[in-house]
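Number of protein chains: 2
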Amino acid sequence: MQVAVVTFDGFNELDSFIASALINRCRKDGLEAFVTTPAPVVTSMNGVEVTGQRPMDFVAEAGVVLIGSGVRTREVVADERLISTLRLDPSRQLVGAQCSGALVLARLGLLGSMPACTDVKSRPFVEACGVTVLDEPFHAEENIATAGGCLASQYLATWVITRVLGEDAARDVLGYVAPVGEERETVERALGAVGAGRATVR
Amino acid sequence: MQVAVVTFDGFNELDSFIASALINRCRKDGLEAFVTTPAPVVTSMNGVEVTGQRPMDFVAEAGVVLIGSGVRTREVVADERLISTLRLDPSRQLVGAQCSGALVLARLGLLGSMPACTDVKSRPFVEACGVTVLDEPFHAEENIATAGGCLASQYLATWVITRVLGEDAARDVLGYVAPVGEERETVERALGAVGAGRATVR
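Protein chains in written order, with our numbering: chain A, 393 to 594; chain B, 393 to 594.
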């Protein structure tokens, strides 16, 4: 299954790359992530130029779509043309958002009555969309998930891996990348936050 | 102070971007990180093309040099020309390495008798250089640090921020990027691993 990690200009490297790098540890099992961008090259909030691996059309065909965060998300949601390229369908896709990415899901009307996680700076803007913001790192209902705090992108990745390949695959990935001597703690924290796929349906 | 995050072809995005993104949260305080590469563009282990922000010459003038990890580090240490561009001087620079980056420090003869942290795949190659590998996520002595497990790159960043700007600055950064609802736990774990700058001199 293919994962689109949607990455806009001004993106936060933590969001796009923690999620994509963790998911790409599962490439041998057929799960792979691609940095998906609205232009051939995007520039991060810290001035790093990254060449997109897939164009925005890829969003419609991916099995999983993760919306990254950044310093220009409010411009993104005000851009009708850009927003129209995000054709998401949670009935057949897993859809996740990191930090300010929750604002994109709210703008697309995908959150419905479900609460969301985000970062402190994005919080008032997400709330202005009528969405309740949780003081938690991760929340998922059915096929939609949000995470708050950039390092929580590991929970989005854990959710995707668990939903697509199962808990053992997530354990393998987290066990490998976790700080040495803290593997077990990291794995249990991530699977606990995600509910190991069990608590994802309300 | 400027930080060179040395990033080779085949690099692991977690290593270079967790460290650089966390450090760049301190740009307003004069501490900033630059992706430093041996070619104008490098390609990650997952096929992501990134344009370097600084050439390798920058290593000699940076106040801090962090060596990232990747799938081609053994080729890097076998490349005399490339290794000769890494002119590091721990008497005036902070020098850190992530996962297989420890192999680069070993190759440069910078570890002396100090033990190092690395990942499980790199471990036998680091040990073959006569270096003792610790089952710990982070270890520093004076101006040299190593971290093991890709997500432990947050400890390298914490060490740099603590050494240059102090513990409060590190608390601010980690408090902002940590998963919402887990800020305190994340901050304490990171500062604990680093010893908050207090345990860095043997």
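There's no promise every hint is true.
A pair holds if it fits inside one copy or across any two, identical chains being indistinguishable in the list.
[Unchecked claim] With a Cα cut of at most 20 Å, we get these calculated DMTMM-like pairs of lysine to aspartate or glutamate:
{"no.": "1", "residue 1": "LYS420", "residue 2": "GLU472"}
{"no.": "2", "residue 1": "LYS420", "residue 2": "ASP471"}
{"no.": "3", "residue 1": "LYS420", "residue 2": "ASP527"}
{"no.": "4", "residue 1": "LYS513", "residue 2": "GLU575"}
{"no.": "5", "residue 1": "LYS420", "residue 2": "ASP560"}
{"no.": "6", "residue 1": "LYS513", "residue 2": "GLU574"}
{"no.": "7", "residue 1": "LYS420", "residue 2": "GLU519"}
{"no.": "8", "residue 1": "LYS420", "residue 2": "ASP449"}
{"no.": "9", "residue 1": "LYS420", "residue 2": "ASP564"}
{"no.": "10", "residue 1": "LYS513", "residue 2": "GLU441"}
{"no.": "11", "residue 1": "LYS513", "residue 2": "ASP564"}
{"no.": "12", "residue 1": "LYS420", "residue 2": "GLU577"}
{"no.": "13", "residue 1": "LYS420", "residue 2": "GLU528"}
Just so you know, these hints were derived from the structure itself, not from any lab.
First find the shortest C-alpha distance between LYS420 and GLU577 inside one copy, then the shortest across copies, and answer within, between, both or neither for a cut-off of 20 Å. neither (25 Å within a copy, 33 Å between copies)
Within, between, both or neither: how does the pair LYS513, ASP564 come out at a Cα-Cα threshold of 20 Å? Classified as between; 14 Å across copies, 33 Å inside a copy.
Have a look at LYS420 and ASP527 and pick one of within, between, both or neither, based on CA distance no larger than 20 Å. Neither way: LYS420 and ASP527 sit 35 Å apart in one copy and 27 Å across, limit 20 Å.
At 20 Å max between alpha carbons, let me know whether LYS513 reaches GLU575 within a copy, between copies, both or neither. between (31 Å within a copy, 15 Å between copies)
Identical-chain pair category, LYS420 with ASP564, by Cα at 20 Å: Within one copy only: 12 Å inside, 38 Å across.
How would you classify LYS420 and ASP560 at a CA-CA limit of 20 Å: within, between, both, or neither? So LYS420 and ASP560 pass the 20 Å test inside one copy only (14 Å; across, 42 Å).
With identical chains, the pair LYS513 and GLU574 could be close in the same copy or across copies; at 20 Å between alpha carbons, which is it: within, between, both, or neither? between (30 Å within a copy, 17 Å between copies)
For LYS420 vs GLU519, is the C-alpha pair at or below 20 Å within one copy, between two copies, both, or neither? For LYS420 and GLU519, the Cα distance exceeds 20 Å both inside one copy (40 Å) and across copies (28 Å).
When no copy is specified for LYS420 and GLU528, does a C-alpha distance of 20 Å or less occur within a copy, between copies, both, or neither? Neither: 32 Å inside a chain and 28 Å across chains, both beyond 20 Å.
Could you place LYS420 and GLU472 in one of the four classes (within, between, both, neither) given a Cα distance threshold of 20 Å? neither (38 Å within a copy, 33 Å between copies)
How would you classify LYS420 and ASP449 at a CA-CA limit of 20 Å: within, between, both, or neither? This pair counts as neither: shortest intra-copy Cα distance 25 Å, inter-copy 37 Å.
For the identical chains here, do LYS513 and GLU441 meet the 20 Å Cα criterion within one copy, between copies, both, or neither? neither (24 Å within a copy, 30 Å between copies)
Comparing the model with each numbered hint stated earlier shows that hints 1, 2, 3, 7, 8, 10, 12 and 13 do not hold.
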